[in-house]
Amino acid sequence: MSDIDHLMRAIDPTPHAPEQGPGARELRAAIMATPAPGRRRSWLPQRGTFGPRWPVLASAVTAAAVAVAIGVGLPASGPATEYANAAVSIKKAEDYFSVTITDPAADRRRFEEAFRAVGLNVTVKVVPVAPDEVGELLGPVVPEGFKWHGSIGTQRVTPCASAFCGKVWMPSDFPGRVVFGVGRPAKPGEPYAEDVAFDPEGEEAMAGYTAHGKTVAAVRAEARRRGLKVGYRLLWNSPDGGFSDQPVPADRIKDDWTVSGSRDHSSDTVDLYVLPGPGAGPAPDPLKARTPQWYDDLTD
Amino acid sequence: MTHRDRFEAVYDAYYPAIHQYAARRTSSPDDTADVISETFLTAWRRIGDVPEGERALLWLYGVARRVLANQQRGASRRAGLAERLRDELAADRPVRPVDLEYVRAAFDELPERDREVMALAHWEGLSSEQIAKVLGCTAVAARTRLHRARKRLAAALERQTSMTIAMGEA
Chain A
1 MSDIDHLMRA
11 IDPTPHAPEQ
21 GPGARELRAA
31 IMATPAPGRR
41 RSWLPQRGTF
51 GPRWPVLASA
61 VTAAAVAVAI
71 GVGLPASGPA
81 TEYANAAVSI
91 KKAEDYFSVT
101 ITDPAADRRR
111 FEEAFRAVGL
121 NVTVKVVPVA
131 PDEVGELLGP
141 VVPEGFKWHG
151 SIGTQRVTPC
161 ASAFCGKVWM
171 PSDFPGRVVF
181 GVGRPAKPGE
191 PYAEDVAFDP
201 EGEEAMAGYT
211 AHGKTVAAVR
221 AEARRRGLKV
231 GYRLLWNSPD
241 GGFSDQPVPA
251 DRIKDDWTVS
261 GSRDHSSDTV
271 DLYVLPGPGA
281 GPAPDPLKAR
291 TPQWYDDLTD
Chain S
301 MTHRDRFEAV
311 YDAYYPAIHQ
321 YAARRTSSPD
331 DTADVISETF
341 LTAWRRIGDV
351 PEGERALLWL
361 YGVARRVLAN
371 QQRGASRRAG
381 LAERLRDELA
391 ADRPVRPVDL
401 EYVRAAFDEL
411 PERDREVMAL
421 AHWEGLSSEQ
431 IAKVLGCTAV
441 AARTRLHRAR
451 KRLAAALERQ
461 TSMTIAMGEA
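Chain order of the listed sequences is A and S. Position 235 (the first sequence) corresponds to 235 in the working numbering; numbering is contiguous. If you want the working numbering, it's the 1-based position in the second sequence plus 300.
Calculated from the structure, these hints are not laboratory results. Yeah, the Cβ is synthetic: ideal placement off N, Cα and C, and Gly gets one too. You may find that some hints are simply not true.
[Unchecked claim] Covered stretches of chain A (in silico footprint by chain S; criterion: 3 or more residues with CB under 8 Å from a CB of chain S, positions within the stretch not fixed):
hint, segment
1, 6–13
2, 17–31
3, 157–168
4, 195–201
[As the list claims (entries may be wrong)] Listed next, the in silico DMTMM-like pairs over lysine to aspartate or glutamate satisfying Cα-Cα at most 20 Å (straight line):
hint, chain 1, residue 1, chain 2, residue 2
5, A, K147, S, D399
6, A, K147, S, E308
7, S, K451, A, E26
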């Protein structure tokens with residue numbers, strides 16, 4: 001072994017493999033408590049195969065009318081252990097809350113009211129999603145970062161006879177902003193909220209068709225054959241392996257550039273994630289070109 | 301084997317290596333915890349894609365590499381998945397040997413591409429073929445990069461040594 005090899009080993013900043021401590025074991029549990037891969041992940045079964053789901057859609061008017069009537073157990077001191085309205089019911093268990101969403105299209109205030117009744121101060125945004133994600137609880141998002149004791153997360157529970165059944169856990173005394181999304185059916189043509197960053201390793205939106213590696217012209221032709229409109233995002237890879245995507249108009253894209261993958265944008269449009277080809281120009285500053293997120297605007 | 305079993309097996313088998321990989325390339329316990337949690341969160345979400353056997357580790361290295369470079373990282377941080385791990389890591393930072401600072405300085409002088417292959421070869425102990433899988437290039441390209449990086453490190457070490465001697469004489 002040469003001197004270089006010896007010296008390189010000698011400056012190894014972490015020469016010994018760390019043991020799995022309690023923090024590592026907690027991380028494993030926390031990760032496995034996050035939602036399993038969703039519909040955009042073609043390598044796993046569709047959500048529907050985990051158990052039947054029957055969305056129960058009631059109108060917002062109905063929800064508002066019965067909300068107060070079935071609110072239960074709100075003692076004068078401290079939060080309730082159980083609360084239900086026509087949109088959602090929440091029940092406190094030992095170290096989590098059971099959440100059942102019955103009306104994903106209800107007013108966000110119905111959801112916030114229920115969370116607050118059991119002592120969780122959260123903001124809820126009802127966001128448009130694809131039909132097979134209706135009722136889904138998105139997040140939790142902690143925009144300012146989660147630095148507190150305990151952990152925060154959700155776990156889906158199946159089988160479920162409502163639009164969504166799951167567990168939510170978070171410390172009741174967390175003072176920061178916590179945002180949940182509730183997926184409602186998107187209107188025709190309305191863009192879906194994006195809850196997961198695009199995965200450049202391969203995401204495919206068109207069943208039975210692989211867009212990855214094909215030219216823009218070929219994938220666009222396939223999309224049109226299926227009656228879909230096409231949107232474009234440039235997928236910028238930085239030299240050190242990172243990536244970011246940038247929504248761009250069609251005239252920024254050349255037919256012979258390569259498609260990395262595709263994702264449903266709305267009921268009638270598919271977004272093609274395109275690798276920038278010659279003449280694409282310099283990559284934008286990822287912070288300035290940040291794609292808007294569903295939780296950015298929390299006003300109605 | 302269910303996805304849960306598979307993920308548990310992958311996590312338990314490769315946590316130490318990914319922890320080490322992350323710790324070697326980050327300067328704060330928070331960043332280390334972020335890279336670990338983001339890498340395994342990706343593995344969980346894509347567990348069906350994680351290859352079998354030893355290639356799983358190379359796949360994880362590839363993910364961790366992208367996480368390190370990825371401006372958008374933060375899904376696991378937003379969800380607060382690694383809070384206890386952060387505290388644990390903060391209490392256990394490695395110490396650098398002072399007498400090898402000149403080697404560290406020569407290494408730091410190298411371009412990022414060189415540092416990357418040298419670290420994968422000598423710290424993770426990967427062959428050129430394995431490095432190629434992590435970087436997504438051909439084995440020939442990885443071997444060439446490694447060869448050039450070694451030569452540049454040798455030259456940088458020489459410069460550092462002569463600088464040290466010159467400073468000692470002054």
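*Against which earlier hints does the structure fall short, listed by number upward?*
3, 5, 6 and 7
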